Amino acid sequence: MAHHNYVTGTKKYMNPYVAGIMLGTVLLLSFYLTGRGLGASGAMKSAVVSTVNVVAPEYTQGSDFYGKYITGGKNPMNSWLVFQVLGVLVGGFLSGALAGRLTWKTEHSPNITARKRIVLAIIGGALFGFGSQFGRGCTSGAALSGMATLSLAGFVTMMSIFGTAFLFAYFFRKNWI
Amino acid sequence: MGPIIPINDISMEINFLIAFLVGLGFGFALEQAGFSSSRKLAGMFYGYDTVVLKVFFTAAITAMLGLVFLNYFELIDLGVVYINEYYIESAIIGGVIMGLGFIVGGFCPGTSVCAAAIGKIDAIAFLGGSFLGILAFGETYPLWENIYMKNYLGGLKLSDAVGISDGLLVFGVIAAAVLMFWIGEWAEKRFGRPDITKEI
Chain A
1 MAHHNYVTGT KKYMNPYVAG IMLGTVLLLS FYLTGRGLGA SGAMKSAVVS
51 TVNVVAPEYT QGSDFYGKYI TGGKNPMNSW LVFQVLGVLV GGFLSGALAG
101 RLTWKTEHSP NITARKRIVL AIIGGALFGF GSQFGRGCTS GAALSGMATL
151 SLAGFVTMMS IFGTAFLFAY FFRKNWI
Chain B
1001 MGPIIPINDI SMEINFLIAF LVGLGFGFAL EQAGFSSSRK LAGMFYGYDT
1051 VVLKVFFTAA ITAMLGLVFL NYFELIDLGV VYINEYYIES AIIGGVIMGL
1101 GFIVGGFCPG TSVCAAAIGK IDAIAFLGGS FLGILAFGET YPLWENIYMK
1151 NYLGGLKLSD AVGISDGLLV FGVIAAAVLM FWIGEWAEKR FGRPDITKEI
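One line per chain: the protein sequences are A and B, in this order.
Heads up: the first sequence begins at 1 in my numbering, then just goes up one per residue.
Heads up: the second sequence begins at 1001 in my numbering, then just goes up one per residue.
These aren't lab readings, by the way, just hints derived from the structure by calculation.
A portion of the hints provided could be inaccurate.
What the hints assert, rightly or not - Restricting the straight-line Cα-Cα distance to at most 30 Å, the calculated cross-link-like pairs of lysine-lysine (DSS-like) are:
1. Lys-1150/B - Lys-174/A
2. Lys-11/A - Lys-105/A
3. Lys-1157/B - Lys-105/A
4. Lys-1157/B - Lys-116/A
5. Lys-105/A - Lys-1189/B
6. Lys-1157/B - Lys-12/A
7. Lys-1157/B - Lys-68/A
8. Lys-68/A - Lys-1198/B
9. Lys-105/A - Lys-116/A
10. Lys-1150/B - Lys-74/A
11. Lys-174/A - Lys-68/A
12. Lys-1198/B - Lys-11/A
13. Lys-174/A - Lys-1198/B
14. Lys-1157/B - Lys-11/A
15. Lys-1150/B - Lys-12/A
16. Lys-105/A - Lys-12/A
If you're wondering where the values come from, they're calculated on a predicted model, not measured in any experiment.
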């Protein structure tokens, strides 16, 4: 490794159980302070609604899906989750900087080209984005935060995300192993 | 008494500052665990790296135990804490589509932001794709509206659905997690891929 890791010393990553306790503590703090857990896809939805609103304001107001986020002149970017995701960006960057992991890189299996990896990432992202709206939240907001409050929705979403990924893993193995 | 912000009258600026700081911790923890690497995340589904399982369940247990104890000592009003609303069909269908997105794309929305922050180009592509997916849902919403709103059960807790106490459910989740951690550690030896682990 070219750079020194200022967080864990000689190990590349933090012990996963320690990192999990750290993440769980942040999640608990979020509940204690705000009454809600963490999220990610909600902030992306805000960005999409804002963009659609700039392009076609009347259409956005009339839409059953977008309309509720902009009623009464509300700005969808003025949301708790948008600021939280900006924090994720900075927090991830700080961690990467301290651990010596800041590099432009397309990570892919030697079986596939970088170009194919990018195409698959776009398709996977589109599926995840679509599914996160259908399921009212992603791994952070629905599965992790949902499970922490013991909500049935959280457990069901978690099992359906991971169950499906396991079920289809065999068919996509060439892309990863 | 928590939750602090909904109970007290906190200004929007402070609220957003707290959001940013909470996100900072979230992103830092994800990146430290190695969630900024798609090949590390995908290792979960092939057994060579089960960091997803370990971090996800340790975090969930920490937070659920914390909430149970805060409630027990009357430090938080769980009536004000948001419980995810359960719509049977949409939770399952959404989860299935997300699971497919996970194995194809290698990230989830939160981890893609974290990985993009350290320069992973595949994560930036995933992020771009997720905007397209959300837009696609928004544009085709009338097609899904019926099934999306079907079978609403409200903010239902699993403990109430099966008729056990919250504490007993948390205990059960911890027991299940310990068993899964053990399987995870075994899988990493059984399906180990030193060639991949060395690179990620």
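Verification of the hints:
Annotation: proposed proximity of Lys-1150/B to Lys-174/A is violated, straight-line Cα distance about 38 Å (limit 30 Å). Using a Cα cut-off of 30 Å, the hinted pair Lys-11/A and Lys-105/A holds, with the two alpha carbons roughly 21 Å apart. Of the pairs offered as hints, the one joining Lys-1157/B and Lys-105/A is violated, with about 42 Å between alpha carbons and a cut-off of 30 Å exceeded. For a cut-off of 30 Å, the pair hint linking Lys-1157/B to Lys-116/A is broken: about 42 Å separates their Cα positions.
Of the pairs offered as hints, the one joining Lys-105/A and Lys-1189/B holds, with about 28 Å between alpha carbons and a cut-off of 30 Å not exceeded. In summary, the hint linking Lys-1157/B to Lys-12/A is not supported, as the alpha carbons are separated by about 38 Å, beyond the 30 Å threshold. Taking the CA atoms of Lys-1157/B and Lys-68/A, the gap is about 27 Å. The hint holds against a cut of 30 Å. Straight-line distance between C-alpha atoms of Lys-68/A and Lys-1198/B comes to about 48 Å, which puts the hinted pair past the 30 Å bound.
Between Lys-105/A and Lys-116/A the alpha-carbon distance is near 14 Å, which keeps this suggested pair within the 30 Å criterion. Only pairs whose Cα atoms come within 30 Å are accepted, and Lys-1150/B paired with Lys-74/A is accepted, the gap being roughly 28 Å. Between the alpha carbons of Lys-174/A and Lys-68/A the distance comes to roughly 42 Å, so the proposed pair goes past 30 Å and is violated. A distance of roughly 12 Å separates the Cα atoms of Lys-1198/B and Lys-11/A; the hinted pair therefore holds under the 30 Å criterion.
Our distance criterion of 30 Å between C-alpha atoms is met by Lys-174/A and Lys-1198/B, whose separation comes to about 19 Å. For the hint linking Lys-1157/B to Lys-11/A, the alpha-carbon distance of about 39 Å lies beyond 30 Å, and the restraint is violated. Restraint check for Lys-1150/B and Lys-12/A: not satisfied, since their Cα atoms lie roughly 46 Å apart, outside the 30 Å limit. With a C-alpha separation of about 17 Å, the suggested pairing of Lys-105/A with Lys-12/A holds against the 30 Å cut-off.
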